[in-house]
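**Q** Take a look at the letters that make up each chain.
There are 6 protein chains.
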Amino acid sequence: MIRTNNRSADALRPLSIETNVNKYAEGSCLICCGDTKVLCTASAEEKVPGWLKNTGSGWVTAEYGMLPRATGQRVDREAKKGQSGRTQEIQRLIGRALRAGVDLKALDGFCIKVDCDVIQADGGTRTASITGGFIALYLACHHLIQTGKLTKSPITAFVAAVSVGIIHGIPMLDLDYKEDSTAGVDANFVMTDAGKLVEIQGTAEHQAFSRDELNTLLDLAQKGIGELIAKQKNILEG
Amino acid sequence: MIRTNNRSADALRPLSIETNVNKYAEGSCLICCGDTKVLCTASAEEKVPGWLKNTGSGWVTAEYGMLPRATGQRVDREAKKGQSGRTQEIQRLIGRALRAGVDLKALDGFCIKVDCDVIQADGGTRTASITGGFIALYLACHHLIQTGKLTKSPITAFVAAVSVGIIHGIPMLDLDYKEDSTAGVDANFVMTDAGKLVEIQGTAEHQAFSRDELNTLLDLAQKGIGELIAKQKNILEG
Amino acid sequence: MIRTNNRSADALRPLSIETNVNKYAEGSCLICCGDTKVLCTASAEEKVPGWLKNTGSGWVTAEYGMLPRATGQRVDREAKKGQSGRTQEIQRLIGRALRAGVDLKALDGFCIKVDCDVIQADGGTRTASITGGFIALYLACHHLIQTGKLTKSPITAFVAAVSVGIIHGIPMLDLDYKEDSTAGVDANFVMTDAGKLVEIQGTAEHQAFSRDELNTLLDLAQKGIGELIAKQKNILEG
Amino acid sequence: MIRTNNRSADALRPLSIETNVNKYAEGSCLICCGDTKVLCTASAEEKVPGWLKNTGSGWVTAEYGMLPRATGQRVDREAKKGQSGRTQEIQRLIGRALRAGVDLKALDGFCIKVDCDVIQADGGTRTASITGGFIALYLACHHLIQTGKLTKSPITAFVAAVSVGIIHGIPMLDLDYKEDSTAGVDANFVMTDAGKLVEIQGTAEHQAFSRDELNTLLDLAQKGIGELIAKQKNILEG
Amino acid sequence: MIRTNNRSADALRPLSIETNVNKYAEGSCLICCGDTKVLCTASAEEKVPGWLKNTGSGWVTAEYGMLPRATGQRVDREAKKGQSGRTQEIQRLIGRALRAGVDLKALDGFCIKVDCDVIQADGGTRTASITGGFIALYLACHHLIQTGKLTKSPITAFVAAVSVGIIHGIPMLDLDYKEDSTAGVDANFVMTDAGKLVEIQGTAEHQAFSRDELNTLLDLAQKGIGELIAKQKNILEG
Amino acid sequence: MIRTNNRSADALRPLSIETNVNKYAEGSCLICCGDTKVLCTASAEEKVPGWLKNTGSGWVTAEYGMLPRATGQRVDREAKKGQSGRTQEIQRLIGRALRAGVDLKALDGFCIKVDCDVIQADGGTRTASITGGFIALYLACHHLIQTGKLTKSPITAFVAAVSVGIIHGIPMLDLDYKEDSTAGVDANFVMTDAGKLVEIQGTAEHQAFSRDELNTLLDLAQKGIGELIAKQKNILEG
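Protein chains in written order, with the numbering used here: chain F, 7 to 244; chain R, 7 to 244; chain S, 7 to 244; chain X, 7 to 244; chain Y, 7 to 244; chain H, 7 to 244.
Any copy, or any two copies together, can satisfy a pair, since identical chains are not distinguished.
As a list, the in silico DSSO-like pairs of lysine-lysine whose alpha-carbon atoms are at most 30 Å apart:
id, residue 1, residue 2
1, K53, K158
2, K111, K184
3, K184, K59
4, K111, K202
5, K29, K158
6, K86, K59
7, K155, K239
Hints listed in this document are in silico derivations from the structure and should not be mistaken for laboratory results.
In isolation and in its complexed conformation, chain F is listed as follows (with noise of 0.2 Å):
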């Protein structure tokens, strides 16, 4: 089995990532893993939802979306039937992970929203939007402080993710669609800069799995997440 582009089990697919691609959003980035595309953007509203009022915490959500021909075959448009479990369950997941890398109090009085529009699709679109996501929230928090409107960065971690997957018996890093359709085993992980774990999901698609396999694909996924966190300090710290 070869992957496209020879690219060895362990590779990620290429990454770009441009900042600033949105010109009304506090943050934004286009993230491209190799044919994902996802644009994501941050809005800071100076609101807090109702349910934080008087906590002296602030928030932090996500969105997904994704186009309607993001894919290979065209889906129907989730504003005329509503959002499928599989897009709020990403989205769930995606606010979650992003969560992981703020300091909530020290966001008191803001509500920031991520907004991940998948605009093509070609696997591992949950864990682009959360590396992607994680980029659009650190710059909108920088334009807090920039405003004055926050003295110091509510960001606490670097927060990415990455996809792994058992193929055909082999684990491999950054699966792309036709790869995640055939493997047996697909789990997602979301790592901190200090190497810890925010969120693991792993599912049998077709067999279960033994602990070793686990710690297999989790090695992996550490080795990902690790060039990806890299990239990100690269473009926001320079």
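Add chains R, S, X, Y and H to chain F, keeping to what the hints say.
**A** Below, chains R, S, X, Y and H without anything else, positioned relative to chain F:
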């Protein structure tokens, strides 16, 4: 009153159109009219809506959407709240406009869905969607010919659209959002490359207008649409 | 081509307007344009929408509906399936058109909702709704004056609307359903008693149209709207 | 306690029924019970619901709606907010009541939908809908015979309905809205021309009631329904 | 025709009521009428609906649901498709019936929501919900007294309900599902411990019924409800 | 920190499983894990979803719901407001987990729907649903064999699930609601009787966690799931 970049009253905003921006869609483009950016994809399916079966006719339809932070203030995602009346009105307009350039009989057996998703909005999103959507549609028809599914193009006319308005008494072409907000009269025209009208829509926001004023607006629109169609032809027929 | 009852190409259908047909509404009428019958009620509430609070402005809005068997074939009830895009587009048009005849500042503190419910449909339901809705609105304003809630009328202009079209090459006024179905061009115009345009909407159903044809249609519409407004004035100011 | 127009406790409100008020419907009438006005149309379709296919049985069903300003205070349009529980309960009642007068086997292959739309409401809208809906249904059946689609009428009994109540201890027939609002007991009865009960619904709004009181209410209802059916027969069978 | 377990025509099904089956609810019970099992919980909140604020009155309301496999054939989950008209009609009935046993003034400041969820259905689910819902409601009121939130019970009467019907000409008490499906007349009665009627609902499914038959049904219902209320009193007041 | 009933950190809560609690379902059980009580029914239908037709495969799916007062504070009924993202996420998880124990080819022609309805919630409702849902599924498969519809069981593995978490630094098994609310890390594991992983889900609620901590949690889960599967086997295979 001075327009951004000293644009004259009868000048279009800077226009750029990039084609084939989506690896799956049969036709696609990213159209930028000033800061308004719309991603247009045309998806061809070998299947017509139920009510057209056995009528010897194909179909062209359009859908329109706006990313939540396409605008200065973030708006709620339509996937969560359903499509607004404004969205439905706009996508019905785009579909009607595009069909005016197509011989539906020559498209028998096929339905082409044109998705116009606004990545960034600065006025004129519906007219940019028509101008860009036509390009995606044209390319999808070309794809059907090249893959042997159609023998000749169902395209019968080039179609483009532009907005015009009267601001502080001065008729102006191709309004941006700030201009549109202060316009007393606001109109959108869709025309063919033969200079014929396909759709006219004009609204007196603050003041009713005379037939003379309508004629001046039509003159402006005709000039702008001529330039837009020249660009379409340059890109598509080079 | 002969019109029903030998109507000439530039003649309106028989018109009747009965006022005060609802014992609760502040203003109401039943307007019959040929076999098209629309019940219009204007409900005045001493309360403005949230976004208008403390702006010194009142509001006028409209809603449109069609009884299930208003048409030749029964259509599903919108209360069961939700308002269609067409319905929303029409009621937005009616609202905009009516506001063109009102000084909203002079209506400060009040919201008038005009309901236009089609009892029987035979073409031109949206234009009949505007012409009849204006009467209901006028009567509701009068009621607010008589009950001492307003000191002067916020009405600044009479507003009426009519449809025109080109059928087999012949421009015609006030199309019925059968005519509308075969029209190559179909347009609706809204004008004031000063002969100014409030709203123009024209669609090439089967053939694009020239500016000369547009001018002929405007002439016809101007004649018809003149007659409609004369009738409105006769009824309201007798 | 004096009733409007000195009506006696056992008297119906003034009743008028105008038939064939809709040019498209197979059967229709406008029924006015005092100030309650309901437009009833019966639409016959040569098609039965899926669950009745090949059972040798036709179907009769009903839908109910109220125009937004049918009432003293305008209520939100159900097309915008969906049908309320009350609306669904009422239309299920109307459908059951009308089916009691029909041999569904004799209607094999047809579905008749009876729409009851309240133009103006002053109490007793559901019972007026049944009494008027039966007339529309009867006329539609007659239409099916006259057009050769049925050979004999599926109508097996006349059906009408009336409300009764106990107000300040006094049983009264055919309550108007003001009376209904103060009634301690409120009941609706549906009966056939043979004096049999089709549907009984009674609610103790403020006070439970005895079986003696129930019998008095039944006496009143029987008298009123007798008069309603006499009117139906006079109109339909002259 | 022989009833299950040789039950006589005027006998209730085996009845069991287990109280306090939910550790959170202020009042709860599981009521089993034959194979019909309904879980009833009463939730007391120190808050009234908006329209009752400052009226000196509390509120009691009910909701009804059925688990998907409560019935012989699994039915779609209402959480996925929305509440049916039948469900809404039933829960409105339960709420009205329960309020007949409560002095709402004495419940000022509180809203008690009674949830009746059918675990298994075999006919008579709405009447079992009323009989069991009353017990949950009574216990919740008792809880409010014991926790010092109320000083005296707002309960003014015991309320219970039962179904009756005519099957092959024989009036029968407390129908199970199979009996209910073949009944020509089907009625539900709600009564108080004083023998007064709270709610009557009767429907001629296949045949209209006479007042004599109605009286026989009332006799049966009165007997059954007497037994149900005796059981309620035994459980609640020992 | 002392657990309820002095439970040790690696102990399950008291577990009880009652089978065949529903007279209609092909398989059913009531599972109680401490105060968490879930009613599981498996409904077998001889019909597969459209997208599986003629693929030689059957299907297993799950739905999840919670009664309004299953929790300390009553929550709004999902039948009124629609299924939340959380509910959809949980029922997708349950379905995936159960399918891991089934050879879908051996279930060709059948769809088994497993409904998991939470009667009372005290933490771990999704894992109890999986453990109990498997029992209902197993029983339904057994029923298909006994009724001659299948010749051999499609069950290929026993599947059970448990939650684990880190509370104040201490890894604990099978969290109740209070524990879950204070957990810094919260994870759910699904495993087979062969000790293989089917699904892993872990979230750092307040603090990211190390791979060592993950391993400790996996050890705990493996112990708990072993005990749960022993109980399943005891009940089903005695």
